[in-house]
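If you read the protein sequences in the order shown, they are chains A and B.
Residues in the first sequence are numbered from 1 upward in steps of one, following the working numbering.
Residues in the second sequence are numbered from 1 upward in steps of one, following the working numbering.
None of these hints come from the bench; they were simulated from the model.
What you are looking at is a predicted structure, and each value in this text was computed from that prediction instead of being measured.
The beta-carbon is built from N, C-alpha and C at its ideal position, and this holds for glycine as well.
Hints may contain errors.
Ranges of calculated distance between the beta carbons of each label pair, as one might list FRET restraints [to be verified]:
(1) Val56/B to Gly100/A: 47 to 57 Å
(2) Lys114/B to Gln256/A: 30 to 40 Å
(3) Glu96/A to Arg30/B: 50 to 60 Å
27 Å max Cα-Cα, derived DSSO-like pairs, lysine-lysine [what the hints assert, rightly or not]:
(4) Lys22/B to Lys160/A
(5) Lys188/B to Lys230/B
(6) Lys108/B to Lys160/A
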Amino acid sequence: MAGPEIQIPDVSWRDNWREFPWWLIAIFAFLVVMAVLVFTDPDIKEAFLFIIPGVQITLYITLAGFVLALILGLLAGLGRISGNALVRNIAITYVEFVRGVPTLVLILTLAFVLVPAVSNAMGVDNRNVSIELRAILSLSIIYGAFLAEIFRAGIESISKGQMEAARSLGMNYRQAMQFIILPQAVRNISPALGNDFIAMLKDSSLASVLAVRELTQRARLYAGSTFRFPESYLVLTFCYLTMTIALSLLLRWYEQRLGKDSR
Amino acid sequence: MSDEIIVVDGLHKYFGHVQAVKGVDLRVGRGEVVLIVGPSGSGKSTVLRCINHLEVPTSGSVYIDGVHLEDKKTNINDVRAEVGMVFQQFNLFPHLTVLQNVTIAQEKVRKRSKDEAEQIAMEQLQRVGIPEKAGAYPRQLSGGQQQRVAIARSLAMQPKIMLFDEPTSALDPEMIKEVLDVMLDLAKGGMTMVVVTHEMGFAKAAADRVVFMDDGQIIEVGPPDQIFGKPQHERTQLFLSKILAH
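Work out the full structure, taking the sequences as your base and the hints as a guide.
Spelled out as structure tokens, the structure:
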């Protein structure tokens with residue numbers, strides 16, 4: 001009973017055209033033009049050479065801040081779902097407080113109010129607390145609150161049956177969390193964690209208000225002393241975009257791999 | 001009484017304002033196989049879940065081998081290690097292989113070495129008939145195979161009691177038998193079992209007693225022949241006429 005052969009219209013070239021990542025070409029074009037200018041335009045080259053050492057500090061405060069934020073976020077996320085009302089309310093207070101205040105204002109407040117208060121209470125002269133450390137602490141406290149919500153959502157996305165099965169085998173709550181729930185939750189939320197890492201890299205620019213000599217601060221210093229504002233800020237944009245695009249491509253690749261694994 | 005391994009006394013359970021269990025008393029002897037049947041919402045799963053404290057009774061007491069579960073001094077994890085539970089939805093750990101599913105609680109709770117845990121795991125997988133799937137992940141298995149792994153996972157803890165909460169209800173018909181065969185084998189081996197199920201064949205072949213529950217209460221208890229053959233109570237007759245009609 002072979003019917004008439006059905007012609008499948010060949011639309012692959014059209015689909016490819018539509019699906020092609022043109023946005024990536026556009027961004028790469030900008031990055032390439034900037035890279036060429038860094039080598040050919042003496043003004044831009046000078047600006048670049050002044051600003052680029054800031055990458056080291058930007059990456060340092062981002063990485064250190066993110067590791068601390070992961071710890072804080074996990075603790076606060078677990079606190080959010082705790083059966084203990086006191087623990088739960090402390091966690092919610094922390095998260096809602098941070099979410100209700102602009103990031104820039106929080107950085108100023110944490111660096112110039114909380115750090116002196118805590119260091120005085122501990123009997124340490126707060127002038128001994130470096131601005132880099134204040135930036136790291138501020139960013140980690142802020143992102144800890146965002147990550148807490150991600151951790152909470154990740155844990156709640158795991159079906160109740162997983163906890164019940166683990167507990168019915170005699171595991172205590174901590175063992176069930178550590179060996180059964182969290183490994184699955186972390187896998188589910190790893191793309192969201194990656195996104196927040198990129199967001200934190202960008203927000204590390206706010207540390208410039210503490211005069212931390214990261215990328216943004218160096219660009220502002222250079223622009224202020226040379227009055228070459230366009231060069232300074234173009235180079236600054238170029239530096240951030242290079243890092244964030246590289247990271248987000250890495251993240252996309254990882255997500256695709258994750259998707260293939262779970263099939 | 002040492003031969004009564006499970007004692008449920010005056011069990012009541014509320015979920016909010018809804019009373020799911022209204023005064024249930026149940027005693028299960030060592031090595032006995034007890035089936036709980038009844039319409040959905042009759043509280044049979046809740047009673048089962050109170051036996052290993054996955055649900056905390058609103059009032060009443062549960063004793064496992066003489067240990068009072070509602071006593072604050074009782075370490076519930078120690079009790080649960082002795083009480084295996086098999087769920088309707090299998091609840092295997094999807095991020096672990098079949099072998100790891102069966103070893104993890106042995107290592108973390110029983111504190112067995114990895115080698116010993118793996119050896120016991122393989123014995124149990126052999127027993128449920130799928131040792132060749134040890135390296136597979138749960139998602140690569142059929143429903144029947146997953147449920148058999150779940151049984152092996154519980155058995156590897158060498159429990160005194162096995163609880164089954166509608167173990168075949170989520171299975172395709174052709175896979176029900178392979179799970180029931182494993183359970184039948186267990187029952188013949190002398191395991192104490194409490195099973196919530198509607199499988200009449202299993203009841204007749206393995207059950208010592210059948211408990212019929214409706215509306216949060218035990219309506220009738222008896223050997224399977226009596227409950228299914230000549231039920232005394234009107235509500236039991238009504239329920240059986242419904243499930244045997246097709």
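Each hint, compared with the structure:
no.: 1; hint: Val56/B to Gly100/A: 47 to 57 Å; verdict: violated, 36 Å
no.: 2; hint: Lys114/B to Gln256/A: 30 to 40 Å; verdict: holds, 33 Å
no.: 3; hint: Glu96/A to Arg30/B: 50 to 60 Å; verdict: holds, 54 Å
no.: 4; hint: Lys22/B to Lys160/A; verdict: holds, 25 Å
no.: 5; hint: Lys188/B to Lys230/B; verdict: holds, 26 Å
no.: 6; hint: Lys108/B to Lys160/A; verdict: holds, 20 Å
In the structure shown, a violation is registered for the earlier hint numbered 1 alone.
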